[in-house]
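These protein sequences, in sequence, are chains A and B.
Under the working numbering, think of the first position of the first sequence as 196, with each following residue one higher.
Under the working numbering, think of the first position of the second sequence as 1451, with each following residue one higher.
Wrong hints could be hidden among the right ones.
Okay, the calculated beta carbon distance ranges per label pair [what the hints assert, rightly or not]:
1. B/1706 <-> A/242: 15 to 25 angstroms
2. A/434 <-> B/1458: 51 to 61 angstroms
3. A/379 <-> B/1709: 24 to 34 angstroms
4. A/351 <-> B/1806: 45 to 55 angstroms
5. A/204 <-> B/1462: 45 to 55 angstroms
6. A/454 <-> B/1720: 23 to 33 angstroms
7. A/204 <-> B/1709: 45 to 55 angstroms
8. A/353 <-> B/1806: 15 to 25 angstroms
Here are the simulated lysine to aspartate or glutamate pairs, EDC-like style, with alpha carbons at most 16 angstroms apart [what the hints assert, rightly or not]:
9. A/477 <-> B/1459
10. A/477 <-> B/1743
11. B/1466 <-> A/472
12. B/1671 <-> A/213
13. B/1793 <-> B/1743
14. B/1514 <-> A/468
15. B/1671 <-> B/1703
Only some residues are given here: those of chain B computed to face chain A with a beta carbon under 8 angstroms [as the list claims (entries may be wrong)]:
16. 1520
17. 1530
18. 1532
19. 1553
20. 1557
21. 1596
22. 1768
23. 1769
Derived by calculation from the structure, the hints in this document are not laboratory data.
Heads up, the beta-carbon is just placed ideally off N, CA and C, and yes, glycines get one too.
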Amino acid sequence: MAKEIYSKYPLIKYLRKEALPTALCPGCGGGTVLNAFANAVDQLKIDPRDLVVVSGIGCSAWIASPYFLADTLHTTHGRAIAFATGVKVGLPDKKVVVISGDGDLAGIGGNHLIHAARRNIDITVILVNNFIYGMTGGQVAPTTPFGAKTTTTPYRNIEHPFQISETVAAAGASYVARWTTAHVYQLIESIKKALQVKGFSLVEVISQCPVQFGRRNRMKEPAEMLRWFLKNSVPISKAKKMKPEELEGKFVIGEFVNRERPEFVTELNKLIDEVQEHFGLKGE
Amino acid sequence: MIIRGDEPEQIRLIRKLYKPGNYFMQGDEAVSYGAIFAGCRFYAGYPITPASEIAETMARELPKVSGYYIQMEDEIGSIAAVVGASWTGLKSMTATSGPGFSLMQENLGYAIMTETPLVLVDVQRSGPSTGQATKGAQGDFFQARWGTHGDHTIIAVSPTSGQDAFWETIRAFNIAEKLRTPVVMLFDGVLAHTRELVRIPDIEEVEIAYRKLPANEEEAKLPFGDPHGDGVPPMPLFGHGYFTHVTGSTHKENGLRDVYTPEVHDKLVRRLHRKIEQNKDVYEKYEEHFTDDAEILVVSWGVTARPALGAVLKAREEGIKAGLFVPKTVHPFPGEGMKQLGKRVRAILVPEMNLGQMILEVQRFVNDDVLLKGVNKIGGVPLTVEEILREIRGVA
């Protein structure tokens, strides 16, 4: 049965067949993200040989590493962007993509995230935000909504969630967008833009985890979570006119920034050229 | 980028930049020039005393030889970037000191598990914790060996002077490349900041080793196999269309994760150990001075090996039959050499700038009838010839 489904999937050529079926739970948003990424790669006609995908630890880290058929680097918890930095410097002509979760990239890895944005290194980050530490059993995350229940906030979460896209935009990224798994076409378009931007790009995907988050917050069906996303999503143009208290508990979606800034690896290579010119080291 | 095929251009640049001859430089600078001669073209680091001059020298020199310097946001990110760069084929290095070394341990384990060649220089300073930030020490002997978790292997080298640092850095890179593994260099704050004479050779005098690449598609499909029986798999570099999957989790020969099958873990981790054990000729190195007829043996490493040699020379002048054994590769410890010497001597002294670490390794290889004694000093001031000589006289 499973074999038939996989063989009918038109983008199967982008997947590492020997790693299938995926370890993701039924109803997980990870599949949507993988599908959106594969679609973006397909529509842009990017040769997977020109891709290196890096991820950290957790459910979302598995989305592309190992399932996407490219060079994939599955790293330590929180450090995917730092690993990707080395890869990008070594392979400036390849597209280096980081796909991982909110706990991984914005929790333990928050420092690398903001500094990569500041540096504006040409890496595309697809950050899957499901408000929870899924793989370790549903503990509170830096993105867990205020008041939500998790295994380590059994009464309610008394911390405020991290606004990832806003922070990364402020840190200096070239491109930042946020969508939910209920906005698949917009998501694909944003991933395409992010892949083409020369500079640091972040696509934050609000994604459902019915098993670890939904179940404890009166949304045990995946569809219930998607309806929750749709009902509470506010386009960024509209959000700009709303008061902070009106935005409490809402998901601001859309493009946060799309701008040109000097890119790190380009500048690094330019610097090398200048230094070699200055010291008269250029080949005869 | 100095990968195979790029040597003529790199040799031209090095010849043009670094004329052979004697230079007056710091140990940290000697490490940096050694790295550049070895082919290091990627450095990611985070400033820390007394290792910062390595970063400063690399930032200044690397662009001249088409190499990349990045100052990362922290030590964890530094070694992560080094691993990432190494998978693209760049010979890569980071340098740090005690607290930074502690932060790097997790990703050092990652590099061991994923068989990523890199060089990690730890310029040891006093600890625990922030300790004496500007002072030298030799307290990271076991942090190098057991800092990261699990049943891991490690190779660590330790130079005894600025000149030695230049050559040992090159050797560290060559070991890393030949065995596809991280190599730690245990340097120290005293030598790092000491200015002394260092001879820069012609590049022709330098052996430069390169990692084994896959000979064909078949080998590239098994990035963690053992096609040549030496325990060292060829490394399919990123960007060559091999679709390599690399993970720090237990993986099969094709790179795919399998954390459930005991045999897969057993086979992988045992091969990683075998790789180190069966290639001793690649990394084992120690020096012996006056050991032929020695009755009292001094065993010392790194910075302390210098006053130790001074003390042995003075002892000889006084008619005491003293000898010196200096492990240059400290992990794995050269146990066989130690064992042979241990059978012939009456007493062994182990001077170290710590409260006794390498002495435990020595102890493993000598019999109980040998008098074994540590000569230990902490506080950031190196042991002197006189202090070690006094101890030699004491057991003479």
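A quick look at each hint next to the structure:
1. The hint said 15 to 25 angstroms for the Cβ distance between residue 1706 of chain B and residue 242 of chain A, and at roughly 22 angstroms that hint holds.
2. The hint said 51 to 61 angstroms for the Cβ distance between residue 434 of chain A and residue 1458 of chain B, and at roughly 58 angstroms that hint holds.
3. At roughly 32 angstroms, the beta carbons of residue 379 of chain A and residue 1709 of chain B sit within the given window of 24 to 34 angstroms.
4. Between residue 351 of chain A and residue 1806 of chain B, the C-beta spacing of about 53 angstroms keeps the proposed range 45 to 55 angstroms intact.
5. Against the hinted window of 45 to 55 angstroms, the Cβ-Cβ separation of residue 204 of chain A and residue 1462 of chain B comes to about 52 angstroms, which satisfies the hint.
6. About 52 angstroms separates the C-beta atoms of residue 454 of chain A and residue 1720 of chain B, a value inconsistent with the hinted range of 23 to 33 angstroms.
7. Between residue 204 of chain A and residue 1709 of chain B, the C-beta spacing of about 26 angstroms breaks the proposed range 45 to 55 angstroms.
8. With their beta carbons about 49 angstroms apart, residue 353 of chain A and residue 1806 of chain B fall outside the hinted range of 15 to 25 angstroms.
9. Pair hint residue 477 of chain A plus residue 1459 of chain B holds up; C-alpha atoms about 10 angstroms apart against a cutoff of 16 angstroms.
10. Proximity of residue 477 of chain A to residue 1743 of chain B is assessed by CA-CA distance (about 57 angstroms); at most 16 angstroms being required, the pair is judged violated.
11. Distance hint between residue 1466 of chain B and residue 472 of chain A is fulfilled; the C-alpha atoms sit about 14 angstroms from each other, no more than 16 angstroms.
12. Restraint check for residue 1671 of chain B and residue 213 of chain A: satisfied, since their Cα atoms lie roughly 13 angstroms apart, inside the 16 angstroms limit.
13. Our distance criterion of 16 angstroms between C-alpha atoms is met by residue 1793 of chain B and residue 1743 of chain B, whose separation comes to about 12 angstroms.
14. Only pairs whose Cα atoms come within 16 angstroms are accepted, and residue 1514 of chain B paired with residue 468 of chain A is accepted, the gap being roughly 9 angstroms.
15. For the proposed pair residue 1671 of chain B and residue 1703 of chain B, the alpha carbon gap of about 8 angstroms is at most 16 angstroms, so the pair holds.
16. With a least beta-carbon distance of about 7 angstroms to chain A, the hint placing residue 1520 of chain B at the interface is held under the 8 angstroms criterion.
17. Given the 8 angstroms rule on beta carbons, the hint for residue 1530 of chain B holds: about 4 angstroms separates it from the nearest Cβ of chain A.
18. Look at residue 1532 of chain B: its Cβ gets to within about 6 angstroms of chain A, closer than 8 angstroms, so that hint holds up.
19. At a threshold of 8 angstroms, the smallest CB-CB gap from residue 1553 of chain B to chain A is about 11 angstroms, leaving the interface hint violated.
20. Checking residue 1557 of chain B against chain A: minimum C-beta separation of about 6 angstroms stays under 8 angstroms; hint holds.
21. Taken as an interface hint, residue 1596 of chain B does not check out: its beta carbon lies about 18 angstroms from the nearest beta carbon of chain A, beyond 8 angstroms.
22. A least Cβ separation of about 54 angstroms between residue 1768 of chain B and chain A goes past the 8 angstroms threshold, and the interface hint is therefore violated.
23. Of the supplied interface hints, the one on residue 1769 of chain B is violated, with its beta-carbon coming no nearer than about 56 angstroms to a beta-carbon of chain A, more than 8 angstroms.
Checked against the numbered hints listed earlier, the structure breaks hints 6, 7, 8, 10, 19, 21, 22 and 23; every other hint is satisfied.
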